[in-house]
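Q: Chains as they are written, first to last, in the working numbering: chain A, 5 to 323; chain B, 11 to 600; chain C, 107 to 640; chain D, 529 to 819.
It is worth saying that the hints were derived from the structure and are not from the lab.
Note that the structure is a prediction, hence the values are computed from the model and not measured.
Glycine included, each C-beta is placed from N, C-alpha and C at the ideal position.
Check before you lean on any hint, since a few could be wrong.
Said to hold, decoys possible - Per label pair, the in silico range of CB-to-CB distance:
#1 D:704 x B:135: 47 to 55 Å
#2 B:415 x A:239: 17 to 25 Å
#3 A:7 x B:415: 41 to 49 Å
#4 B:74 x A:118: 42 to 50 Å
#5 B:506 x A:136: 33 to 41 Å
#6 A:131 x B:458: 27 to 35 Å
#7 D:675 x A:51: 53 to 61 Å
#8 B:76 x A:240: 33 to 41 Å
#9 D:704 x A:136: 42 to 50 Å
#10 A:7 x B:82: 31 to 39 Å
#11 A:81 x D:556: 48 to 56 Å
#12 A:239 x C:342: 23 to 31 Å
#13 A:239 x B:465: 52 to 60 Å
#14 A:131 x D:720: 53 to 61 Å
Claimed, not checked - Using 25 Å as the maximum straight-line C-alpha spacing, the simulated DSS-like pairs for lysine-lysine come out as follows:
#15 D:552 x A:136
#16 A:9 x D:644
#17 A:85 x C:250
#18 B:415 x D:552
#19 C:211 x C:266
#20 C:473 x C:426
#21 C:619 x A:180
#22 B:415 x D:643
#23 D:644 x B:415
#24 C:331 x C:640
#25 C:304 x A:85
#26 C:151 x C:331
#27 C:317 x A:85
#28 A:9 x D:643
What the hints assert, rightly or not - Sample of chain A residues lacking proximity to chain B, with all beta carbon distances greater than 12 Å (derived):
#29 75
#30 95
#31 98
#32 110
#33 135
#34 157
#35 160
#36 165
#37 219
#38 222
#39 225
#40 229
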Amino acid sequence: MPILKFIARRLGLGVLTIFAVSVLIFLVTQAFPSDPAQAILGRETTPEALDALRQELGLYRPAVTQFGAWFFDILQGDIGKSFVTQLPLSDYIAPRVGNSLFLMLVSAVFSIPISIAVGAFSALRRDQTFDKVSSTTSLVLAAVPEFVMGTGLILLLSTSVFQILPAITLIDAGQKPWSDISGMVLPVLTLILAVTPYVSRTMRASMIEMLESDYVEMARLKGMSERTVLLRHALPNALGPVFQVIALNLAYLAGGTVIVERLFNFPGIGSALADSVRARDLPAIQFLTLMIAGVYVLMNLLADVATVIATPRLRTSLK
Amino acid sequence: MSDGLRIVDLRLDVEATGCDIVDQVSISIAKGRVLALVGESGSGKTTVGLAVLGHTRRGVSINCGKVFCGETEILNLDEGDKRKVRGRLVSYVPQDPSSSLNPALRIGLQLREVLEAHNFGGSDEARKARIKEMMAEVLLPSDDEYLERYPHQLSGGQQQRVGLAMAFACRPSVIVLDEPTTGLDVSTQEHVLKTIRQLTRDHGVAALYITHDLAVIADLADDVAVMYAGRVVEQGEVAEIFKNPAHPYTRHLVAAAPDIAGKKAIIGLAGRAQSPGKRPVGCAFAPRCELAEDACRVEFPAMVSVSVRHDAACIKAKQSSSGVGASTKSESTRKIGEPVIEVSAVSAGYSGNLVVHDVSLTIRKGECLALVGESGSGKTTVSRAIGGLHREWTGSIRLNGREMKTMARQRAVADRLAIQYVFQNPYGSLNPRRTVGDSIVRPLLIDGKSKHDARRSVLEVLDKVSLPSSYTNKYPDQLSGGERQRIAIARALVSEPEVLVCDEVTSALDVLVQAAIVDLLSDLRRQLGLAMLFVTHNLPLVRSIADEVAVMSEGRIVEVGPSESVIGNPQQQYTQSLILATPSIERSMR
Amino acid sequence: MDQQEIETSGLSRRHFIQGASSVALAAGIFSSSSLNALAASVPGKKGGSLKVGVVGDVKDLLDAHWIVAIPDIVRLNVGFETLMVYDENFKPTYKDGLAEEVSTKDGINWIIRLKKGIEFHDGKTLTADDLVYSWQRLSNPAEKHSKALRPFLNPAGVSKVDNRTAKLTLLQANADFMVTLATYTSTVVPVGYQNYAKSPLQIGTGPYKLKSFTPGVESTHVRHKNYWDSGKPYLDEVRVLSFSDTTALTNALQGGQIDVAINVPLATLPTLKKNKKLDVYSNSAGKITPICLVIDMDPFKDVRTRQALKMLINRKNLIKQVLSGNGRLANDDYSPADPNYNSNKYPMQEQDATGALELLSAAGFSKSKPVVFDLKAPDDDAALSGLAKAFVEQVNTASGGVVKATATTVASGYWDTTYMAPGVNAFMTYYNPKPYFPQFSGMIFSYPETHFPEPGSNIKDLYAKALGEVNPKKRAAMVAKMQKEEHERGGYIIPYFVNAADSYSNKVKGINKRNSALPLDYYGMHFKNIWLDK
Amino acid sequence: MNTQPELQKFEKPDGLLRAALRLKRTQAGLGLMILVIGLTIAGPLIAPHTQTEFIDMPNSLNIPGALFGTDYLGQDVWSRFLIGGRSILLLSLSATLLGATAGTFLGLLAAIMKKKTDEVIMRIFDVILSFPQILLALLLVSMFDASPTLTILAVALSTTPRVGRIIRGAALSVVERDFVQAATALGESRIRILFSEVLPNVTGPLLVEVSLRFTYSIATIASLAFLGFAPDPTAANWGTMIQENSVVIVIQPWGAVLPVIAIAVLTIGTGLCSDGLSRVLAGIDRGGKGE
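Next comes chain A alone, as it looks inside the complex (with noise of 0.2 Å):
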């Protein structure tokens, strides 16, 4: 099964970018400046209690070991204590990860066919007005950023000009994700804006592409209806192109919503990143990138496979 093959050979190349990632990520709080124990006694301590900690936490290690003792515990799902709590870093995680992905999800379960379908229409009402409209509306929104689009946001719809939204999220400790809906909507809303411009622009390039292909003339040629030729002969082609861009986006609201997510106040990954950033809580931090990067780098992966899937000629070009 030369696909499955495949998968396992950019498994593989995935696993190593991840490796790769994390001595990067281990590089850059090893040379943290301020010292860890130090960070979680405060300055009310003593000397031997620091020298305590830092035995404790295997400071004196040379940085091998220590990348290796700690890459070792997160293979196997030991993410360990939070420097700054002193509580096991899961039950801090564990909960917003689910919150973030209920906020992708959403985000996306709108974003990405809204920006499909105007991506293929104004493609095929090419420089028409819809099309001028819609892609220069994406190019703006695509260009703002999502602070400036959130906090816009919030003095339109929640605070200076109307109240009528929620300008933060609440969602209670072991409540679910759901269960402040309208607190959600101005977040969802950011991410559907800086989303979807790219997915659809990405769409209606592609879109674009395949009506102007031989082959699509060819169909046109052999008398098929336009729904047959659109549906059936350019829209499956253009999707190609676009899976990588979803991914690319799904990743990014995954993990790179630390602006939005802080915006909002919203529990997500994003900004418990923010969080332990402003706590220099080590290993909170370092795990927190490396869940974020892992994510990016399936979804490549996902997009890859995909693609391969979904085109013949390399599909049964693998061997």
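The hints should help you fit chains B, C and D onto chain A, whose structure is shown.
A: Frame of chain A; chains B, C and D shown alone:
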């Protein structure tokens, strides 16, 4: 004999500018006959072909005219009806099958959908049967496994056959074939042409065959329409056209077409047809026409009948004074000297697997050796090895007895400059960001010549390739294909090499230009006593330029010898089949 | 950072009453407090869940005896109670405390008797053993929170008398140890208590029992069914939610997503006050945000530099600029509610550039050789970073270039990496209001932030003597001496007293609007007085 | 006919720019950019007050001499706005240029060296690309400090592989072209081929990518400031301003609104420009790349 296809006074415009691409085109084709629409690239052949199906490319619109397929007028139909007609009444065979078949769909489906779209055969069983039938007719296996294949799993020839099957699927009465054999090897081409002839005759289809290859026309078509700058300048029966072409342009075409069985000197014509909008008033060919007089520049000449069913749009059509004199160059002045290049036992490959096996060649001073073969025969690999552009090769290549290193970079400057390479695609072989002058002068600078001398020799060499010195400051994309190829040759010559390796140098050019370039090359060889390796898949051309020919197949040299004898009476079975497969005007006229 | 404050001072009753009136007049809130007393007397409706918002992060912790940031103070107060509680005049009272009676004859031996029938969250009855365990934990030298208590008490000094009575034997006399008993971190915990990091089981006697706690996110506390104060608490549960910043906090309050917002930025007060649905209460008891100059480091080694800087600032403008006017002038001193406040009657320091410049040039500074330092502040509290920026701007401008100060706001890890870190010579901190002695000890023993006093100073002995001194006149004299040294040589610049502002939905009832050591009068006395009017 | 696409692909760079400038969107984009850049250049000169000077009661509007009132610290919003664009612009510009240069070099190198070098470079790119741009920057800046140098390096680092990939892709198709072969046949040195044959033919894609990256650099650097990681927190900075003043946005919106508008206008401007360029370059416009 009732008309299958009748085009009346067709005109198409560029929407943006409103100037015509195609004008005053009237053609009629009887059922069961093939009319060849011939012309250089940009003459508007394809535009006409598509218009027959009521289709235009983006930005082009049909201004006026009528197209009758049998009794049905196509252009007045609304989109829905056009769709019903396309593929059913009139169908289309595209130029490049590899890009015209949907890569994502199995060929079986792509065949079936035509039938379904026109509800041909009524039942799925009937359609299945029809598909098998069609596959058989185009000589392809019709088993399900084969129908399950994707286009990219088929060879070029097979893809084109699928294209044909698709076109004939619904038994159309009119079919448009747009250069369906360009890019196919001669043997494949022959089969495809056979199939086309077969199908059209059997089913009484009126076929519009668009091409630039006169030999193919002679081989296949019943009638010819010659297009120049968007207008039909001459039409009539094939034999008529070839025996006494009336329009100067047609005469040039015929004179420029190399033929495997006929004369070997070919005569080119400089310049190129003007693009839509830039076309002169009156006869568009006038600027290139040696017979042109003021009257030609006033208005476009009307069609005059030359003889029975043979018309030409030229005021001088009647007077059969050929303006095209045959080549007057004396052959005697050519003298063959010492071996310059000795290739012995060269094997070459790509990442391990060999594509060239133990090839040996010798090229003497002033001699032109043609290396012919179908695509994938390894001829280019050999030439690249000689040029020092191929990494993976073993054996020995000697220049004047000196052993050459593998890659050009490892060779001595003198040796690099002694062997010069001219590439197939003139559009790719010049750096678009460099002026012509800069491109040409590089070799000299590498040679360490002073700026001043370099500049002088650049002007000299431009003159050699008969281009004005003003071209030094032009950029490649301001030049025509022919001019670019001249520049490429100039760059090769500027360092006064001993060996010139020409890799398919004319394949991207129109026939007139091709002839001109071939002319140029022979002249240069004569003047400079160059040793030349002329790599080509075009056998007819070989007769016109080469003294010696080496035929390659599957990485091996199958036959070597003087071109006359090899082409005239080939010894090897492969060579024979190759020559037989090559269409020839002479042969078909006999 | 108002870290754990074991207070080792005391003041006799009478002085406190004087102090009371002074505070009351200063704050002018007699009427309101009496009104609220009435309001509080009305029995509230039962049930409901109260959402309390506070700026916090993953550093949030839960320990009955130790706090770092505001969320920790709130959570501590929901679940744990002290033996005595300050009233609005910082006078320790038995009401709302666990002690029935506290007595001493010599100021060394203190007898503490517990109220009857007090139950822990787990149903266990409070006994002297728990008291002993609590005070041993509080004074255990191994625990970081014991620092300020060490001079007065060690675990050996804690003993059980009978089932409801325990005895604390101090290492030295302390005339008014009661203040220590009233400090909100001196809570009573059951035998074997450990902090949340060690055990999620947080058993106390408070009106609400911890149900769940996620640092940086929230904690949920449910009603303690057998709470000792009859009829209370009213609410079913109290939820303390952490917000990433004050913007999110105020947005949540205005969006009605939370009922109470602790410590809202003063800049937002106008907006909040305009909001009909909200109630704002600001506590003017004397919270301070000192600028700490380390006195044994350059350029502050020279006392004239310290004095010059104090003269260079325009305190009125600082109140306007940083507090939007919500503050009172301070003269680099503290504890305005204390009867001994400003006993030397120093005149308020006005901006005096010329005087300052004379001092500086005398100290050898000039435009060419300016006073250079970098003032560090955390970026997440506008009260601190704002003051730092405004202060720097003022001294630079006023000194005409003789002072070249910069302000750096530290984005992350300020309290670990910057505050009091070696090599840092100027930084910001803050303290909740409290009487003079505990504040002094906090700044000398818990947090020698400015490294005050200078070598050879006897101010520490003076402090110890003053503690033991029962006679108010003699004590006042000693305090005056101490304050003189602080005023002349101290490293703190305290330009004003901050009004700590809190805001809550007007559905929230039962909050006693009076000044107190903690916001909202101890958060409505551990939230037991608060009820929701639906 | 069949040569049309090639002609397009090989527009000369000046041709590209000029052609792009004929598009309305490019003109508009350039206009917006010039507007904001002009503001950041002229701003500090025309600012009525210094960026830290105390004007009046914080968050108050209609104060004489303070066009848009005072911010959370009683400073002049208008002056801080005028001054606060410069650092963002300078930082993001230098970060983009640095990243683009590195990316171009590595991309070309990968394209022409092929085999191992290519593999190694691309893998390294993959690793960096596994981080969202803001994440990588945040990680570096928070671990050390938000000094200008580090900020530039952090953003440049995340820009390099993105530019590199594009350039490599463009270069690969160029390297295959015959004129590069011709140069090889003449025995030109690799470096010379890289810079005088290949580079001039990828300036189109490069230009587009750089303008696109510039947009993202601005966004990233502003976002960092918004998160509190500005090189100089006391100095006026649009990102910081939004963060500082959003708490009082209801009573005094300008402190946050002005910078919001400015950043939006700037990024939209650069966005329009890059889109115009890419339209011209590709004939049809390409979609944006994710993140």
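Q: All hints, please: hold or fail.
A: Now for the hints, and whether the structure bears them out:
| no. | hint | result |
| --- | --- | --- |
| 1 | D:704 x B:135: 47 to 55 Å | 49 Å, holds |
| 2 | B:415 x A:239: 17 to 25 Å | 53 Å, violated |
| 3 | A:7 x B:415: 41 to 49 Å | 44 Å, holds |
| 4 | B:74 x A:118: 42 to 50 Å | 44 Å, holds |
| 5 | B:506 x A:136: 33 to 41 Å | 58 Å, violated |
| 6 | A:131 x B:458: 27 to 35 Å | 54 Å, violated |
| 7 | D:675 x A:51: 53 to 61 Å | 31 Å, violated |
| 8 | B:76 x A:240: 33 to 41 Å | 38 Å, holds |
| 9 | D:704 x A:136: 42 to 50 Å | 36 Å, violated |
| 10 | A:7 x B:82: 31 to 39 Å | 49 Å, violated |
| 11 | A:81 x D:556: 48 to 56 Å | 53 Å, holds |
| 12 | A:239 x C:342: 23 to 31 Å | 56 Å, violated |
| 13 | A:239 x B:465: 52 to 60 Å | 57 Å, holds |
| 14 | A:131 x D:720: 53 to 61 Å | 43 Å, violated |
| 15 | D:552 x A:136 | 12 Å, holds |
| 16 | A:9 x D:644 | 23 Å, holds |
| 17 | A:85 x C:250 | 21 Å, holds |
| 18 | B:415 x D:552 | 56 Å, violated |
| 19 | C:211 x C:266 | 18 Å, holds |
| 20 | C:473 x C:426 | 29 Å, violated |
| 21 | C:619 x A:180 | 37 Å, violated |
| 22 | B:415 x D:643 | 22 Å, holds |
| 23 | D:644 x B:415 | 24 Å, holds |
| 24 | C:331 x C:640 | 22 Å, holds |
| 25 | C:304 x A:85 | 12 Å, holds |
| 26 | C:151 x C:331 | 16 Å, holds |
| 27 | C:317 x A:85 | 22 Å, holds |
| 28 | A:9 x D:643 | 22 Å, holds |
| 29 | 75 | 37 Å, holds |
| 30 | 95 | 48 Å, holds |
| 31 | 98 | 42 Å, holds |
| 32 | 110 | 31 Å, holds |
| 33 | 135 | 14 Å, holds |
| 34 | 157 | 40 Å, holds |
| 35 | 160 | 41 Å, holds |
| 36 | 165 | 44 Å, holds |
| 37 | 219 | 4 Å, violated |
| 38 | 222 | 4 Å, violated |
| 39 | 225 | 4 Å, violated |
| 40 | 229 | 7 Å, violated |
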